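J.: Sequence:
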Amino acid sequence: MTNSSPSIVIPQLINAYKMGDYALVVSTLEKSPALVNVDGVVPQLLGASLRRIGEDEKALKVFERGVKKFPLHPDLCNSFGNLLLDKGLSDKAILLYRKALKSKPNHFDYEYNIARALAAAAKYKEAELQFRTLMLKRPEHVNVQLAYAIMLADIGDLQGAETTLKDVLEISRNHPSALNNLGNIQRKKGDYGDAVKSYRVALDSGIVNATLFRNLASCLVLLQEFDSAIGVFEKGVTEFPLEVQLQKEFAHFLWTQNHKSPFMYIEKSMSANTPGLVLLFCELSLHVERYNDAKYWLEKLLFNISQGSESKDIQMVAAPMYSQALRGLKQFASAVEIGNRYQKLHKQNPLPFLVEKGYAYLSLGNGRAAEEAFNQCCKIAPEDQGFWTMLSTARRLNGNEQAYTQLCDYENMLSVAPLFEKDEDNTDTETLIAHLKPYLLSLHNSKQHPIGQSLRNGSQTFEDLFSDNNEFVQTLKRQILDRVTAFISTQSASKKHPFLSRLSDKFEFKGSWSVRLTTTGFHKSHYHSDGWLSGVFYVDVPKEVEQGGNGWLIFGKPDIPGVSAVEDYAIKPEPGLLALFPSYMWHGTNPITSNEQRLTVAFDIIPVK
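Numbering follows my numbering, in which position 545 of the sequence shown is assigned residue number 535; successive positions increment by one, without gaps.
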């Protein structure tokens, strides 16, 4: 574009954007930056093109400046709203969409975006009214119905979501997104066979994507059709070898089935030019303690990448992982050095490097430096429970017992009691366990513990357990909620405390699962970063818990190389017992040695904001 006249260049930019030549739009406007002040369509085109090439932060700045200059330009406001909605800033997006609608009343796309944003902002009544109005206005517009179905599923109206998706399929028989979403609803309802049929029809439609392969394979795993699942995964990674999530789920599945080379499909496709796969391989390698493998590939990434925004994004992930690999190899001083080096390069986001330095300082016995690092982490991300775990460890290492006890007050912040109030024959507990135990065992089909979990020599269930419609699972869920409500009511609020500052009578499960430990099975000492209150319900325990502490739940023993400390507190498990505790407390189990099993249900809870 050699002619700089706006009347000529702007139509050319619009045409280039429509043709998908986003790089040309960006390069042209970088050479002629004054054009963004001529017409609101120019910053709209520039911001949208930057988004298309993955430069969202630059796009954000372009949109911000553009809206200040052209506050009522409808397409500019709409495009900016789309970016904010994708970033989770739904309330701000709504304001921009309404500005766009003010300039262009009754514009369908803007009204549709308002409905999506209202749903994202959890303003469900307003969103439902908006969606219904749009569906009456244009009943053939399947994207409106698809978005409405997603909202219904999010608020738990699975039947309504299923009905809406079937309405879409009446309009467009083999619509792949509708079939995929219908399969997701059927999977949530436990109708795995129907879900498999929906996913297969979607794949047969000819418009395939990696998500469909993932979903179909996962459902086949739930049906314990393992050979079929492997076949679907293999076809998926053949067609989409660079899809990280698909490769990740396949590798996890192969690992749980004790495959001799669970990462082979990742290794087959990765190279120095596929950083996403390399980072996935390194993440998995770190989880299974293959530190040298991770170190080798992380050095390739970190020391051979060019400069630019993409390289900075790679560094943000690769450098902390490299530090972790060095820690795994007991090169703690080098791990600190890496943390310092990359923290200076990424001053705007120091958190990942502070974390790694904190861990390394603990292993070096430098409690003061570790406490300083984790204090900063807790200020930056106070709801991440793991940072409080590490802060408590640093305080203990420093001999600061009072500050340590403020976080780990086992006498007052733990609840250990039978799930049901005991009657004379303990009928309620025995009845629940008698039905729950065989059902839980039917869900345990893995041959090995999941990657990246604390579990060793045992198995863990696949889906979110409390989403299961089984009558006795739901009975257990209701009883736990009642007990959690009672426990929280006994606690006193404290503003700066990670647990007591978030007390609420409104809460929800963040995750739930069952664990079966077998001979030599145990949990490494760990914590739950994404939780707030964690708990475990004992369904079956071996007789050996009566002697030597085998199978007991222990608290306060860190699992950090170079840090030696004994447990502070222990709980002897028994069938029907429920234990509740803050998620940041170190907890693990002593191994069991007999041929019996230890069967539990575990969960995390978070307060609803």
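The set of hints was computed from the structure by calculation and includes no laboratory data.
Note that the structure is predicted; figures quoted are calculated from it, not measured.
Where hints are given, some of them may not hold.
The calculated lysine to any residue pairs, modelled on SDA-like cross-linking and capped at a C-alpha distance of 25 Å, are [stated by the list, open to error]: (1) K187 / G150; (2) K89 / A137; (3) K225 / K258; (4) K290 / N248; (5) K427 / D530.
J.: Against the structure shown, which of the earlier numbered hints fail to hold, in ascending order?
T.: Hint 4 alone not satisfied by this model.
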